[in-house]
Amino acid sequence: MDQTHQPHSELPPGEPSSEALLSAIGELRLAFRDHPQLRESFNVLVEYILGPADQTPPATCAAQSCNAPTRASAPCSDAGSPQDAIHPVVDNSSLDLMEIKPIIPNDVQKPTVDESDCSVNTVVPPPLEAAPPRWTVLPPMDSPTPMNGRNKSALVIEFIPSLSRMFAAFLKSDHYLVRTAYQSEDALRLYRDCGPFEVVVIDYRMPRKNGVDIALDILKHDPTQPMIIIAPDYRSEDEVPRRNELMTVPFLLDMSNSRFRKVLDKLQPWATREEVDREITALTTAQLLKLRKYANWRVCLSRGTDHRTGEDLLQEALCLTFEGAEGNGTGKRWNKRVTLFTYLIGAIRNITRRRRGDIDLWCDIFEYDAEGLGHCLLDTIESRDPAADQRLIAKETMNRIFGQFEDDPEALSVLQGWSEGMKKKEIMQRGLSENQYRAAVKRIRMTLLGPTNGGGGGEKYDRQD
Amino acid sequence: MTDRINPVEKLERIMEQLAESVLELSDEALLAEITESGGDPQQEAERTRSLLRHAARPQEVDQRLSNVGDTTDSHCCRTGKGLSR
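Protein sequences appear in the order of chains A and B.
Under the numbering used here, the first residue of the first sequence carries the number 28, and numbering increases by one thereafter.
Under the numbering used here, the first residue of the second sequence carries the number 39, and numbering increases by one thereafter.
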């Protein structure tokens, strides 16, 4: 039997089985038995994840669908047990909820096709002509990691794995990168390490620490962090205990898809061109100069083969603000929770970090077809290692830089430390005081900057060929 | 061990640290540094502001180009595709 037909045996340790997921759904249905409104909302959620009942193929057939990759092939698990606590749901390509192949018991959704071949608890190979997978009901997702900068990020703090998956699905379908935490302690640690997020979704009923307490702890780190607290046990916000402690945070009682999206959209307003324009006018001289110098140094990280300048990088960072608003929503947009200056610094940093991993080999080698159209010969080559000529250029540049500081042992020590990936503290342990370190860094900047470069910085080493 | 790190990565680390060091500078120190290196802080700042404003209004640039009967395609410009000999 094909490997992809045995999802259960291939599940990594800690992965809750589909039975456990369905058991949790069953328990929730029971809990909502006396609350028709909640039950209906829950059904909407289940239907959103698993597909409408009338499109649902027999449980075990769906579970064995051979069209989708198995979760076991994923590099890491995103749905470990609550004890696993933290597991980022980052790579949609391998960890997407839509790839999950749940087994639906009879009491959850009635099979609509031949039941004789597909008993509920029997694992059988799928028919070759399988019905369309139910996850097609969700909109197709773009890559969560576009080349144009950081994507939107979200943190889901939910102790029930199945609900956690549902919220993650909601957010992923809206192009969020989702991280999940099952316990309050882990949530706060994750927030400290990876925050702030575009949105944090918290279940009000978290076991050890109430959702309100978690939210208050998060607000201590970042008072502007947008959050949504899920409180489906209550009919109105007035009934929710301690609601008044978080008046700016929306409490979601109705967990329907449309309601959730509505709240999300309210939390993440787009910045208009007029607002961006106003912020550009408000940037101070020092901020503008920092942006320029920062971009000029960072552009050197593109390995100098793509002819970009710091100005290009700066403009690219700003353009991302509008790309998300007017394009397909995958761009990095300025959400106005940080200043435009901070946003641009972050965008520049992320563009160059992302680009570093890509070797731009298309540089100057073209062939021309009969119609006179130019084609780069190296377009199709993929490589993660620097080309030999790039190594050579980099080596020569390094030698030249180090050569300029032969008579300056402190600067040489700093450069050596940087090149080895050392941090400031580690370099200072080599015998440099704080002042000596700062002075050495300034000398390096000034020397590499050149006297005629007036605030540029890095341009001398932008292109060394 | 460190010798096994390729020179491209070493150079990138240096440039990254230099970039980050700019952010650690105080406003006064930054202005002084630029003046010291022969630049005019005000002029540089206004040039950057103008650059950002242009990026924020790409439709105006497109409009002007379309008025002269041209269009922009950055991909073609960069890759050389569409260029005639």
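Hints in this document: simulated from the structure, not taken from any laboratory.
Every residue, glycine too, gets a C-beta built ideally from N, C-alpha and C.
Some clues are possibly wrong.
[To be verified] Computed, partial: chain A to chain B, Cβ under 7 Å:
1. T312
2. R319
3. Q456
4. S460
5. V468
Output the indices of the hints that this structure fails to meet, ascending.
3, 4
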